[in-house]
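A.B. asks: In case you want the letters, here they are:
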Amino acid sequence: MSKKMILAIASLSVVGLMLSACGSATQSATETVAPAGSATNTGPATAVAQTATNTPLALGSVKINGAGATFPLPVYSAWTYAYKYVDPSVVINYQGIGSGGGKKAIIDGTVDFAGSDSLVTDAEYASGKDLQMYPMVAGAVAPVYNIKWAKDFPTGTPVPVLVLDRQTLVDIYNAKVTKWNDPELVTTNPGLKDYLPAATITAVHRSDGSGTTEIFTKSLTSFSADWTAGGATAVEWPVDKAGNGIGGKGNQGVAAAVINTPNSIGYVELAYAISNTMSYASMVNKAGNTVVANSSSLTSAMGDFANGFTDKLTATIVDAPGAGSWPIAGYTYLVLHTQSMTDCVKAEKILEFIRWALTDPAAGQQASNLGYSVLPAAVRDSVLAKLGAVTCKGNLVLK
Amino acid sequence: MTLESPHGHIQARRGYARRKASSTVMLILTGLTTTLALIPLFWIIGYVVYQGGKYIDWSFFTQLPRPPGVAGGGVLNAIEGTVLLVILSSIFAIPPGVLAAFYAAYYPNTPLGIAVRFSTDVLSGVPSIIIGLFLYAVVVKVQGHFSALAGGMALAILMLPVIIRTTEEMLKLVPPALREASLALGAPEWKTSLSVVLPAAANGLITGFLLGLARASGETAPLLFTALGNEYFDFAAQVRSGLASGQNPFAILAGILGQPVDSLPLTLWKYAQQPYPERTHQAWAAALVLMALVLSTNIAARLWIVFRQRRMKG
Numbered sequence: 555m556s557k558k559m560i561l562a563i564a565s566l567s568v569v570g571l572m573l574s575a576c577g578s579a580t581q582s583a584t585e586t587v588a589p590a591g592s593a594t595n596t597g598p599a600t601a602v603a604q605t606a607t608n609t610p611l612a613l614g615s616v617k618i619n620g621a622g623a624t625f626p627l628p629v630y631s632a633w634t635y636a637y638k639y640v641d642p643s644v645v646i647n648y649q650g651i652g653s654g655g656g657k658k659a660i661i662d663g664t665v666d667f668a669g670s671d672s673l674v675t676d677a678e679y680a681s682g683k684d685l686q687m688y689p690m691v692a693g694a695v696a697p698v699y700n701i702k703w704a705k706d707f708p709t710g711t712p713v714p715v716l717v718l719d720r721q722t723l724v725d726i727y728n729a730k731v732t733k734w735n736d737p738e739l740v741t742t743n744p745g746l747k748d749y750l751p752a753a754t755i756t757a758v759h760r761s762d763g764s765g766t767t768e769i770f771t772k773s774l775t776s777f778s779a780d781w782t783a784g785g786a787t788a789v790e791w792p793v794d795k796a797g798n799g800i801g802g803k804g805n806q807g808v809a810a811a812v813i814n815t816p817n818s819i820g821y822v823e824l825a826y827a828i829s830n831t832m833s834y835a836s837m838v839n840k841a842g843n844t845v846v847a848n849s850s851s852l853t854s855a856m857g858d859f860a861n862g863f864t865d866k867l868t869a870t871i872v873d874a875p876g877a878g879s880w881p882i883a884g885y886t887y888l889v890l891h892t893q894s895m896t897d898c899v900k901a902e903k904i905l906e907f908i909r910w911a912l913t914d915p916a917a918g919q920q921a922s923n924l925g926y927s928v929l930p931a932a933v934r935d936s937v938l939a940k941l942g943a944v945t946c947k948g949n950l951v952l953k
Numbered sequence: 058m059t060l061e062s063p064h065g066h067i068q069a070r071r072g073y074a075r076r077k078a079s080s081t082v083m084l085i086l087t088g089l090t091t092t093l094a095l096i097p098l099f100w101i102i103g104y105v106v107y108q109g110g111k112y113i114d115w116s117f118f119t120q121l122p123r124p125p126g127v128a129g130g131g132v133l134n135a136i137e138g139t140v141l142l143v144i145l146s147s148i149f150a151i152p153p154g155v156l157a158a159f160y161a162a163y164y165p166n167t168p169l170g171i172a173v174r175f176s177t178d179v180l181s182g183v184p185s186i187i188i189g190l191f192l193y194a195v196v197v198k199v200q201g202h203f204s205a206l207a208g209g210m211a212l213a214i215l216m217l218p219v220i221i222r223t224t225e226e227m228l229k230l231v232p233p234a235l236r237e238a239s240l241a242l243g244a245p246e247w248k249t250s251l252s253v254v255l256p257a258a259a260n261g262l263i264t265g266f267l268l269g270l271a272r273a274s275g276e277t278a279p280l281l282f283t284a285l286g287n288e289y290f291d292f293a294a295q296v297r298s299g300l301a302s303g304q305n306p307f308a309i310l311a312g313i314l315g316q317p318v319d320s321l322p323l324t325l326w327k328y329a330q331q332p333y334p335e336r337t338h339q340a341w342a343a344a345l346v347l348m349a350l351v352l353s354t355n356i357a358a359r360l361w362i363v364f365r366q367r368r369m370k371g
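These protein sequences, in sequence, are chains A and B.
Just remember that my numbering sits 554 ahead of the position in the first sequence, which is counted from 1.
Just remember that my numbering sits 57 ahead of the position in the second sequence, which is counted from 1.
Rather than coming from a laboratory, the hints here were simulated on the basis of the structure.
The C-beta atom is built at its ideal place from N, Cα and C for all residues, glycine as well.
Take the hints with a grain of salt, since some may be wrong.
A few chain A residues that face chain B, going by a derived Cβ cut-off under 8 Å, partial list only [to be verified]:
#1 Gly614
#2 Ser615
#3 Lys617
#4 Ser631
#5 Asn647
#6 Gln649
#7 Ile651
#8 Thr664
#9 Gly804
#10 Asn805
#11 Ser829
Simulated restraints, written as ranges between beta carbons of each label pair [as the list claims (entries may be wrong)]:
#12 A/Ala677 to B/Glu246: 49 to 59 Å
#13 A/Thr896 to B/Thr354: 36 to 46 Å
#14 A/Lys803 to B/Thr91: 26 to 36 Å
#15 B/Lys248 to A/Lys947: 57 to 67 Å
#16 A/Gly842 to B/Ala349: 57 to 67 Å
#17 B/Ala172 to A/Gly663: 31 to 41 Å
Sequences are here, hints too, so could you generate the full structure?
C.D. replies: This is the structure:
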């Protein structure tokens, strides 16, 4: 009998739990106990002057959830980790579920903020009228390659880096240049003339819809009128029709396909190319200079388009005209509701976090270390100005 | 037998030799194919242990994840989350599953009995991602936030068909005479089911629950849109901060169930596609922990069954 009593009590308490879990939908942070200052400030981040905390909040009591693009996931997780030491009352959880999933979640109101590489469409603005995109960092997409050289390089000399023309890259993905020793490639790589093999080029692309593909194909569209497949998160690849294309799932899938396929080329985010110690090509940009994908060539590209922002704070930065600009790049954005947030404490904490991420030198350093590039001052100031206009229940959130 | 001619006897002997030879050949063949079937299992286990074992240390079980570039960190959040989700899904799936199985086993030819079995078959064929999306629409979107609760419900729906089908099969194996004897002695139907049939079928039921649990604890897809994932989920810290702010235990538990949680398969899936080698290493280690968790639950339950049988006999 006693066993059954226990069972009955257990099942009752489960029902009670479910009911109370349903009730605590907002997880609002109203308990005011331990002062925030009492937390140990031994984190990796340099402490920033914290904004006025008139009501001290309990440790980790403000729980902020975000979801979306996987592209900025490494830098967002670095930031949220560091931010625990800046403001111990806040716990920010960001999950990479893809740009599309993130946008859907913010429109449905199931997350507090979303991350997205692709722009919010008109249809999406129709269902989420007060959505606003804020560029956070920019990232470069790099062409990676795996060539089985026709003959060995002399010992002791470093293997030269492949240089690609904008037109050549388009021609490869159009299956117009199909051999590694094609004259087009030899012209831009005179030093590799005897080493480029007569092998067929296998072009690797993403098999899933992705912001990386959108940046890459938008670049190709801008590079040459020959590219007619368009610029989108997924396109019909001409190289597939020619039988020389293969797909990989995610950046990691493309990287793996290139590593495992001799004489192949692909495109991945710079961080993946570096961490997989892959060879990535230099590009001849619009200005005619050979540039390497790195933080400074990315910053240069952002600078070229600093005035190109729309009212929604979006801009494309592909095929930048500057002398030192990397041609295949894009912004990644945070998406917020600017008027309809209901929990004002939470709203304030989110905005403070974004402001910290954009302005704190330590946060910027973390982004650079992970292969991203921080916003140029002009862009950053317009983002901060937009942030200042966010309201909660009719009042400005940031004072 | 005595009427057999010598001729026929010889024929029988020849036939015997042939049968014996073919039996040996078949025995060798079945032995070979069994070994072949076992190779993937031991290969997988061996490879995961080899790859994951290299990167496992104590802090892997006791610390929260750290971002790429910061050394160390563990998957405490995912281990706690997996346990929480499995407990939740068992609470949601086992009681209704067992009751439905009783109905389907006792009234197999009633319209409802047929409906139960038919819909169970259909449910077990629904792709798990669809279940995740369904719960996103009816729970997450309605509540306005991702939660462990929604994740537990998604896994429960996945477990349900496994539990109903195995329980039903096990109940059918219980000799009808046992049940009839109990009913004849005047015990009501519910008491017969609960204290006669259920204990008799207990061993099989536990196997069924374990199959369900194993299914649930290995799923990623239904959690993507329900439990979402949470690098900062820490049970002890939640309880501590809850107590510090004077919340009652119900409010603390509600807070825990109402927020996103991580799970081992989810962590594995996320880490495996990140560009940082230490993440890939941790993905292997997470795979090992997940495998060990499922295997040890399995083994523990088997041992418990053996122990129980001994006690009942002795």
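A.B. asks: Would you mind marking each hint as holding or not holding in the structure?
C.D. replies: Against the structure, the hints:
1. Gly614: holds, 6 Å
2. Ser615: holds, 7 Å
3. Lys617: Constraint on A/Lys617 satisfied, holds at 6 Å.
4. Ser631: At about 4 Å, which falls below the 8 Å cut-off, the nearest Cβ of chain B leaves the hint on A/Ser631 intact, so it holds.
5. Asn647: Since the shortest Cβ distance to chain B is 5 Å, the answer is holds.
6. Gln649: This hint holds: A/Gln649 lies near chain B, its Cβ roughly 4 Å from the closest one there, short of 8 Å.
7. Ile651: holds, 6 Å
8. Thr664: Holds - the Cβ of A/Thr664 comes within 8 Å of chain B, reaching about 5 Å at its closest.
9. Gly804: This interface hint holds because 5 Å falls under the 8 Å limit.
10. Asn805: Where the cut-off is 8 Å and the nearest Cβ of chain B is about 7 Å from A/Asn805, the hint holds.
11. Ser829: For A/Ser829, the interface hint holds, since the closest Cβ of chain B sits about 4 Å away, which is under 8 Å.
12. A/Ala677 to B/Glu246: 49 to 59 Å: With Cβ atoms ~57 Å apart, the hint holds.
13. A/Thr896 to B/Thr354: 36 to 46 Å: Holds - the Cβ-Cβ distance for A/Thr896 and B/Thr354, about 42 Å, lies within 36 to 46 Å.
14. A/Lys803 to B/Thr91: 26 to 36 Å: At 35 Å between Cβs, range holds.
15. B/Lys248 to A/Lys947: 57 to 67 Å: Between B/Lys248 and A/Lys947, where Cβ atoms are some 58 Å apart, the hint holds.
16. A/Gly842 to B/Ala349: 57 to 67 Å: About 58 Å separates the Cβ atoms of A/Gly842 and B/Ala349, which means 57 to 67 Å holds.
17. B/Ala172 to A/Gly663: 31 to 41 Å: 36 Å Cβ-Cβ, so the 31 to 41 Å window holds.
The structure meets every hint from the earlier list without exception.
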